[in-house]
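Taking the hints into account, I'd like the entire structure generated from these sequences.
So the sequences go chain by chain: A and B. Sequential numbering of the first sequence, starting at 7, is according to this note's numbering. Sequential numbering of the second sequence, starting at 153, is according to this note's numbering.
To be clear, the hints were calculated from the coordinates, so they are not data collected in a lab. Since no wrong hints were added, every one of them can be taken at face value.
Simulated coverage check for chain B against chain A, where a stretch passes if three residues somewhere in it have a Cβ under 8 Å from a Cβ of chain A:
hint	region
1	172-178
2	186-192
Residues from chain A that face chain B, not an exhaustive set, calculated with beta carbons under 10 Å:
hint	residue
3	37
4	39
5	40
6	41
7	44
8	50
9	51
10	73
11	76
12	146
13	149
14	150
15	154
16	175
17	203
18	207
Ranges between beta-carbon positions, derived for each pair:
hint	chain 1	residue 1	chain 2	residue 2	range
19	A	198	B	171	11 to 21 Å
20	A	188	B	348	53 to 63 Å
21	B	212	A	80	26 to 36 Å
Each residue gets a CB set at the ideal place from its N, CA and C atoms; glycine is no exception.
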Amino acid sequence: MPQSTDCVTGTEPSAATDLDLVRLAQAGDVEAFGELVERNRRAVFRAALACVGSPSEADDVAQEAFITAYRKLGTFRGEAQFRTWLLSITWRKAIDRRKSISRWLRMVVSPPREDSGEDTFDQMERIASSSRSQEDTVVDEELQRNVTRLIGTLPKKLRDALLLAGTGEHTYEQISQMLGAPLGTVKWRVSEARRVLKKKLSALGYAYE
Amino acid sequence: MHMNNDSSLEHGGESPLDRAIDRAVREMMHVDPPAGLRRRVLSRLEPSVTRRPLFLPRFVFAVAAIAMLVVVAMLVRDPGSSRVGPETQPSVASSTQPRVQPVPAPGPQPVKDSRITARSAPITRERIRMPRVANVFGTGTSRVSAAADAGSDAVWTGDSGDPKGALPNPVAPLVVAPLMPPAIETPPIVIPPLVIPGPSKGGV
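Written out as structure tokens, the structure reads:
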């Protein structure tokens, strides 16, 4: 399977694989790297978004990740997929950004309630509310808001795995590489995150079935 | 839905809470990146790519310009450096004497005061040949023995009157040709116009 077709990113499929483009970019072809950016921009952006929770922060992280990847392109030997390698860079950048955001929030805002990521993910709740389609408005909005808020209260390890699995852009193998955890552990974290969420929702009075 | 892996619970038997979780995660994560990410990334890459080729010519041009300035400064200063005497010994000579004195017409002329003559002679790099000294202490009556050298036509012009034995041949005055520094011809400095190539797209 060509590397570039792991996840469709909405661009026109090209005959060149990611590895071909990487070789061209390593030879100094900036446009080839631009094509790599185009192919992977959504996966990179969503990985960053899963970590930092803010689209503007995720955009910054995505740019940093692409620039870092370009500078380190000489170290890429093609042993892994380019996207996996790129996502690992992205995740490291995003973690650094999340730490700096958390530090800033601790300094400026009041201490977090249950989990340090909750304040950041309040913005996600607004995004989720604002981006609903007309069909979705039928669904209980209060339930959705509660779910979104409770996702923000999950432990980071569970939340990261749940959100990355929900992007529609990353395979479990890629998530495993990004998080530096075994594949089985990632799957368990996703499952555990869902279990914890349902438990909390039921505590709020929502029925299990 | 698309929890893209086997964690997806969008199949028969999932609870409303499972659906609510799937929907919430999807709405949180299915956000597209802002438009122009590729352009922004490439615009941040381009300067670092195109800066390197331009750096060397600019550096070379700067060095060449500095070198030219130094050369011009040296050429401007150089004519003054040929007048070593007045500039390097300015304190006494230049303040008390005129720098250049008209040289008298060649030929033997009586010297009234040898001290004045010696002082007013222009400073030159030429070797001054001194009269040979035969008897420094003289015979006891002669006050100036150095002038007793044969062929010397120097005349004692001391303050205390005529010497007892006037020397027959007075020392001829030193005739020094006026100092004529050679004209320095400096070719005009032509600075070629600087042509800086514009940044090329792609930077390669």
